[in-house]
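Participant: Order-wise, the sequence lines are chains W and Z. Start counting the first sequence at 0; every next residue gets the next number (numbering that gives the first Met the number 0). Start counting the second sequence at 0; every next residue gets the next number (numbering that gives the first Met the number 0).
A few of these clues could be false.
For chains that are exact copies, the list does not tell them apart, and a pair is met inside one copy or across any two.
Calculated pairs, EDC-like style, for lysine to aspartate or glutamate (alpha carbon to alpha carbon, straight line, at most 20 Å) [stated by the list, open to error]: (1) LYS94 <-> ASP131; (2) LYS94 <-> GLU72; (3) LYS28 <-> ASP102; (4) LYS49 <-> ASP68; (5) LYS94 <-> ASP64; (6) LYS9 <-> GLU88; (7) LYS101 <-> ASP30; (8) LYS165 <-> GLU71.
Rather than coming from a laboratory, the hints here were simulated on the basis of the structure. Given the structure is predicted, the values throughout are model-derived calculations rather than measurements.
Protein chains: 2
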Amino acid sequence: MSEETSIAEKICLTPVGFVRSTITHPELKADAENISLAEGNQGARDRVKKLATHVSEVVIDERFDGILDGIEEFSHVLVLYWPHLIPQESRSLLKVHPMGRKDLPLKGIFSTCSPARPNPVLVSAVRLLSRDGNVLKVQALEAVDGSPVIDIKPYMTHYLRPEGVKMADWMDRMLEEVGAGQGDG
Amino acid sequence: MSEETSIAEKICLTPVGFVRSTITHPELKADAENISLAEGNQGARDRVKKLATHVSEVVIDERFDGILDGIEEFSHVLVLYWPHLIPQESRSLLKVHPMGRKDLPLKGIFSTCSPARPNPVLVSAVRLLSRDGNVLKVQALEAVDGSPVIDIKPYMTHYLRPEGVKMADWMDRMLEEVGAGQGDG
Chain W
0 MSEETSIAEK
10 ICLTPVGFVR
20 STITHPELKA
30 DAENISLAEG
40 NQGARDRVKK
50 LATHVSEVVI
60 DERFDGILDG
70 IEEFSHVLVL
80 YWPHLIPQES
90 RSLLKVHPMG
100 RKDLPLKGIF
110 STCSPARPNP
120 VLVSAVRLLS
130 RDGNVLKVQA
140 LEAVDGSPVI
150 DIKPYMTHYL
160 RPEGVKMADW
170 MDRMLEEVGA
180 GQGDG
Chain Z
0 MSEETSIAEK
10 ICLTPVGFVR
20 STITHPELKA
30 DAENISLAEG
40 NQGARDRVKK
50 LATHVSEVVI
60 DERFDGILDG
70 IEEFSHVLVL
80 YWPHLIPQES
90 RSLLKVHPMG
100 RKDLPLKGIF
110 STCSPARPNP
120 VLVSAVRLLS
130 RDGNVLKVQA
140 LEAVDGSPVI
150 DIKPYMTHYL
160 RPEGVKMADW
170 MDRMLEEVGA
180 GQGDG
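All chains should be modelled from the sequences, with the hints used to inform the complete structure.
Facilitator: Following this line, the structure appears as structure tokens:
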């Protein structure tokens, strides 16, 4: 396969459902030049704390009847979703100050978890509290209300839990400051 | 946001790069009705073993100059990619025997890691061995040669490493049988 073929082709997805949540706006604001925290650093701290026990629903479209069967045997699922409130023009950003913090050096978008990225497919491993037909009740999902859902997978240790993980120092510090460090989770 | 709006809209992605690998065909074959293991169960075992030390490259398109800056400070990255050799018609499957094994009961696609799914965005957490400009060298990535890459993220413990994970018994057994159980990884 030539490089050109794989780069040129477009990939089209059809959402399989949506998120129902009391979270109505994203934590990060984004435009064509920057990202910034909607509520500042203290706001982020409060938000992380609240999020830990936040319950939301993932509603799968009824045309996929049966596609969730067996998911209730897993304690955690991986939710892939689309941050639909992030403006299209912010998807061409290449570098940002992480979390919009000017005190941190510019980093490439792929070394951050900014939702403003070329293909903003967001991935979160969350606890599955219960399943009722085509509706999953999950804990600590950051997606805002109405976010299109792209995929649901069981949380598989083999693919998602490597040994010896070391994050960048600036990321460790930033997570600790908002109460999302390894010791806080 | 109404249910209909979020379900109806299409989401289009443009690959940001591709995978360069000596793996040339997917482990699972898929058609409109079934999935099956290309090389049987023993083949899968051999493959899992080889994969653990397999090195491949993720090549990011040069128009994204700088987007990887800082990624080398992380030990692991999350690679989102598209299994381009899985035929379109297999994306409408709703239930399968996991890994094509008829001895296991039918399960909904969302409770399996089958690449034949409505939106086959595959997610893998892999060790980052090195970065050379727009090329990442990674370990244990199962993607076949030429797979379009959708996104690269740093491996963030906060989003990806929940406590108290319990998988379905059939999944635990299946992973153990191919040497990919928690004790084997």
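Participant: Would you mind marking each hint as holding or not holding in the structure?
Facilitator: Against the structure, the hints:
In this homomeric assembly, LYS94 and ASP131 come within 20 Å of each other (Cα to Cα) only across copies, at 18 Å, whereas the closest approach inside a single copy is 42 Å. In this homomeric assembly, LYS94 and GLU72 come within 20 Å of each other (Cα to Cα) only across copies, at 15 Å, whereas the closest approach inside a single copy is 41 Å. Taking the shortest Cα distances, LYS28 and ASP102 sit within 20 Å of each other inside one copy (18 Å), while across copies they are farther apart (50 Å). For the identical chains of this complex, LYS49 and ASP68 are neighbours neither inside a copy (30 Å) nor across copies (32 Å), given an alpha-carbon limit of 20 Å.
Only between protomers do LYS94 and ASP64 lie at most 20 Å apart by alpha-carbon distance; the minimum there is 10 Å, versus 42 Å within a single protomer. Proximity of LYS9 and GLU88 under a CA criterion of 20 Å is satisfied in both settings, with 18 Å inside one chain copy and 18 Å between copies. For a Cα distance limit of 20 Å, the shortest separation of LYS101 from ASP30 inside one copy, 16 Å, qualifies, whereas the shortest one across copies, 51 Å, does not. With identical chains, the CA atoms of LYS165 and GLU71 are at most 20 Å apart between copies only, with a shortest distance of 11 Å across copies and 32 Å within one.
When each numbered hint is compared with the structure, a violation occurs for hint 4 only.
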